[in-house]
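Asks: Residues per chain, in single letters:
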Amino acid sequence: MRERFTREKIHRFMFGSKDREGFLKQFVVYALLICIGFIYVYPILHMVSSSLMTLDDLLDSSIKWLPSSLNFSNYEQAAKSMDFWNALWQSIVIAGVPTICNLISCSVTGYALARYDFPGKKIVFGVIILSFVLPSQITMIPTYVLYSNLGILNTIWAFILPAMFAQGFKAPIFILIFWQFFRQIPKALIEASRIDGAGHFRSFFRIALPSAKPAFITVALFSFVWYWNESYLTELYVHGVYGQTEWTTLVVQLDNFAANFSSYQQTATAGATNLNESINMSGTLLSILPLLILYFVLQRHFVESIDRTGITGE
Amino acid sequence: MAETKKQTRAEKKALKERMKHLRSGKLEKRYARTGFIFMIPWFIGAAVFLAYPLGSSFWYALNNIRITPLGRIFNFVGHGNFTQILIQDPDFMVYLVDYLTSTIISVPIIVVFALLIAMMLNMKIKGKGFFRLIFFLPVIIVSGPILGMLNSQGAGSVSAIDTAALSGAIGSVLPEIIAKPISDVFSNMITTLWYSGVQILIFLSGLQKIDKSMYEAAKIDGGSGWECFWKITLPNLRSMILLNTIYTVVFISNNSENPIIGLIKDSMFSGTKEKGYGYASAMAWLYSVVVLILVGLFALLLMTRKDQYEKQVKRAMKARKRETRNKKRIERRNRRNARRIEQQRAKGRITSHTTKRDDY
Numbered sequence: 000m001r002e003r004f005t006r007e008k009i010h011r012f013m014f015g016s017k018d019r020e021g022f023l024k025q026f027v028v029y030a031l032l033i034c035i036g037f038i039y040v041y042p043i044l045h046m047v048s049s050s051l052m053t054l055d056d057l058l059d060s061s062i063k064w065l066p067s068s069l070n071f072s073n074y075e076q077a078a079k080s081m082d083f084w085n086a087l088w089q090s091i092v093i094a095g096v097p098t099i100c101n102l103i104s105c106s107v108t109g110y111a112l113a114r115y116d117f118p119g120k121k122i123v124f125g126v127i128i129l130s131f132v133l134p135s136q137i138t139m140i141p142t143y144v145l146y147s148n149l150g151i152l153n154t155i156w157a158f159i160l161p162a163m164f165a166q167g168f169k170a171p172i173f174i175l176i177f178w179q180f181f182r183q184i185p186k187a188l189i190e191a192s193r194i195d196g197a198g199h200f201r202s203f204f205r206i207a208l209p210s211a212k213p214a215f216i217t218v219a220l221f222s223f224v225w226y227w228n229e230s231y232l233t234e235l236y237v238h239g240v241y242g243q244t245e246w247t248t249l250v251v252q253l254d255n256f257a258a259n260f261s262s263y264q265q266t267a268t269a270g271a272t273n274l275n276e277s278i279n280m281s282g283t284l285l286s287i288l289p290l291l292i293l294y295f296v297l298q299r300h301f302v303e304s305i306d307r308t309g310i311t312g313e
Numbered sequence: 000m001a002e003t004k005k006q007t008r009a010e011k012k013a014l015k016e017r018m019k020h021l022r023s024g025k026l027e028k029r030y031a032r033t034g035f036i037f038m039i040p041w042f043i044g045a046a047v048f049l050a051y052p053l054g055s056s057f058w059y060a061l062n063n064i065r066i067t068p069l070g071r072i073f074n075f076v077g078h079g080n081f082t083q084i085l086i087q088d089p090d091f092m093v094y095l096v097d098y099l100t101s102t103i104i105s106v107p108i109i110v111v112f113a114l115l116i117a118m119m120l121n122m123k124i125k126g127k128g129f130f131r132l133i134f135f136l137p138v139i140i141v142s143g144p145i146l147g148m149l150n151s152q153g154a155g156s157v158s159a160i161d162t163a164a165l166s167g168a169i170g171s172v173l174p175e176i177i178a179k180p181i182s183d184v185f186s187n188m189i190t191t192l193w194y195s196g197v198q199i200l201i202f203l204s205g206l207q208k209i210d211k212s213m214y215e216a217a218k219i220d221g222g223s224g225w226e227c228f229w230k231i232t233l234p235n236l237r238s239m240i241l242l243n244t245i246y247t248v249v250f251i252s253n254n255s256e257n258p259i260i261g262l263i264k265d266s267m268f269s270g271t272k273e274k275g276y277g278y279a280s281a282m283a284w285l286y287s288v289v290v291l292i293l294v295g296l297f298a299l300l301l302m303t304r305k306d307q308y309e310k311q312v313k314r315a316m317k318a319r320k321r322e323t324r325n326k327k328r329i330e331r332r333n334r335r336n337a338r339r340i341e342q343q344r345a346k347g348r349i350t351s352h353t354t355k356r357d358d359y
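Just so you know, the protein sequences line up as chains Y and Z, in that order. Residue numbers are given in numbering that gives the first Met the number 0: position 56 of the first sequence equals residue 55, and the series is strictly consecutive. Residue numbers are given in numbering that gives the first Met the number 0: position 162 of the second sequence equals residue 161, and the series is strictly consecutive.
It is worth saying that the hints were derived from the structure and are not from the lab. Errors might be hidden in some of the hints.
What the hints assert, rightly or not - Here are the simulated lysine-lysine pairs, DSS-like style, with alpha carbons at most 27 Å apart:
| no. | chain 1 | residue 1 | chain 2 | residue 2 |
| --- | --- | --- | --- | --- |
| 1 | Z | Lys25 | Y | Lys120 |
| 2 | Y | Lys169 | Z | Lys264 |
| 3 | Y | Lys120 | Z | Lys264 |
What the hints assert, rightly or not - Here's a subset of chain Y near chain Z, in silico, CB distances under 8 Å, partners left out:
| no. | residue |
| --- | --- |
| 4 | Asp116 |
| 5 | His199 |
| 6 | Val250 |
What you are looking at is a predicted structure, and each value in this text was computed from that prediction instead of being measured. Backbone N, C-alpha and C fix where the C-beta goes; we use that ideal spot for every residue, glycine too.
Can you build the whole structure from these sequences, using the hints too?
Replies: Set out below in structure tokens:
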């Protein structure tokens with residue numbers, strides 16, 4: 000009798016009952032999550048550990064994860080060769096200013112699409128979705144020519160100007176986010192403001208904008224991150240293909256890391272070692288470090304962002 | 000009955016006609032105008048940074064462009080650039096085929112994987128915040144140079160998973176053309192999985208929007224978790240799957256690690272006589288058309304799948320309609336026959352076995 004009772008209990012413990020999840024299932028879920036989570040973090044761990052290694056540690060096959068001593072000279076060399084502080088400042092500018100322009104132009108466009116009916120609205124949507132799907136390479140060459148004609152090639156204006164007119168990098172997504180969000184604001188709210196004597200613009204600035212804070216946060220975060228990580232177009236429009244300008248970003252510097260490092264090596268007076276894995280990894284880590292810090296500080300906003308804006312409504 | 004129906008239809012038609020001639024009201028017009036005012040930045044942007052480049056890029060693609068100190072010299076070559084790319088370029092076709100196969104293989108992997116992770120994150124587990132933190136990490140890190148750097152240093156694949164054995168096993172079963180991209184995907188497992196950050200976010204928010212009471216109702220009716228997944232979760236996430244698939248394709252095609260877009264840039268600044276802006280534009284056009292076709296294919300594949308319930312209802316409706324039609328036809332025939340028999344009988348030339356013959 001007693002034995003059966005315990006067997007039942009064990010069964011219930013392992014496979015769960017109607018209201019409780021079974022231990023087995025939970026165990027599998029946790030195991031999977033931890034394993035896959037490890038795979039996700041693995042490159043970063045690898046980066047951190049090998050960036051701290053000295054050359055001897057790298058060559059020593061018995062050392063796999065933990066370096067024999069903490070060695071920060073790799074960071075020093077990588078930072079110097081990347082011109083870290085300058086590149087960091089310029090990255091922030093190159094990612095930040097177009098983001099602000101994106102916020103303004105995309106919110107206005109999204110509001111118009113959500114609130115007003117005008118002829119040809121469906122076509123506008125079609126164009127927005129098409130411009131999302133089209134690879135940017137197709138417009139790249141004439142745009143390059145256009146910028147050089149306007150005289151804004153290799154300046155930050157090459158990013159700001161399209162962003163001001165809601166044609167920035169991945170702008171269609173942001174327009175759709177704003178559109179989705181403004182649709183959720185009750186129409187009665189806007190109408191009430193109209194009755195109280197506010198005009199179209201006033202009701203936009205006073206009613207719609209303040210209530211769209213979550214959308215603004217989401218768009219700002221993603222726009223910043225995406226501009227920060229864009230290397231292809233930054234190299235083409237802002238940095239210059241042959242590196243003619245002062246403008247550069249951390250990611251671009253990383254892309255040309257080997258060249259940068261060898262030029263640094265020639266100018267450095269002493270203490271420069273050859274380019275090795277550790278220095279590569281410290282360079283990589285340095286270029287994502289600002290974003291990592293941003294992510295850990297603002298992680299709640301990242302994680303909740305898409306929920307709150309309801310981008311997935313369509 | 001039929002007469003009234005006809006009448007209402009006619010009325011409706013007339014109303015529609017009248018609506019066409021009806022001008023929209025003043026208020027409506029003003030609203031439309033304000034909408035246009037709000038859209039002005041976008042219209043300007045779309046004209047200058049989208050329509051104009053698109054058109055001139057097509058014009059570039061038909062020309063051979065040489066850059067001289069005096070300016071750009073256009074030389075119309077028609078489809079010359081395209082044929083040159085398709086026939087002579089040693090890299091383009093190879094890269095394109097590589098891109099296509101690897102995309103077709105990795106898109107389902109990424110989407111399914113993202114769905115799995117999202118479902119696990121949606122369960123009641125401890126440390127949810129911590130796991131979310133890890134799984135959204137790729138959203139901020141994924142960029143071309145960083146991935147390139149990680150791959151070149153061997154951090155793109157887990158050494159614990161013996162990829163060599165796996166690809167060997169795949170290679171022995173499948174032919175070379177199929178086996179190579181698959182083993183490529185496996186050997187870059189981490190980078191493939193890292194592409195699924197935003198997708199997890201989208202799936203997660205979709206999962207949270209599904210009504211919990213549906214699962215409860217299914218459970219009361221005796222549905223297992225497996226059935227719940229196929230009959231509740233998946234149908235509810237249909238639009239999200241489409242969105243994620245398209246997003247993944249677009250993301251992979253625009254990723255700067257993609258060799259094709261590197262090739263386009265290289266040929267844009269190549270100093271040789273036959274390459275240059277025109278050649279690169281033609282390449283970009285070819286590439287874009289391929290991407291559009293790919294997106295369209297995925298969209299078609301996922302959109303045509305209708306709801307099982309809707310399908311059944313439709314089929315039942317059709318069957319019922321057919322039945323009623325048949326019944327009516329039979330009734331009509333019977334009535335006709337009966338009338339004819341009546342007539343014949345009235346004329347007095349009928350016997351029981353001639354009822355069906357009417358040709359004299």
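Asks: Each of the hints needs a verdict: does it hold here or not?
Replies: Taking the hints in turn, this is what the structure says about them:
1. Lys25/Z to Lys120/Y: Satisfied, since the Cα-Cα distance of roughly 19 Å is no more than 27 Å.
2. Lys169/Y to Lys264/Z: Holds: Lys169/Y and Lys264/Z sit about 20 Å apart, inside 27 Å.
3. Lys120/Y to Lys264/Z: violated (35 Å)
4. Asp116: At about 6 Å, which falls below the 8 Å cut-off, the nearest Cβ of chain Z leaves the hint on Asp116/Y intact, so it holds.
5. His199: This hint holds: His199/Y lies near chain Z, its Cβ roughly 5 Å from the closest one there, short of 8 Å.
6. Val250: holds (5 Å)
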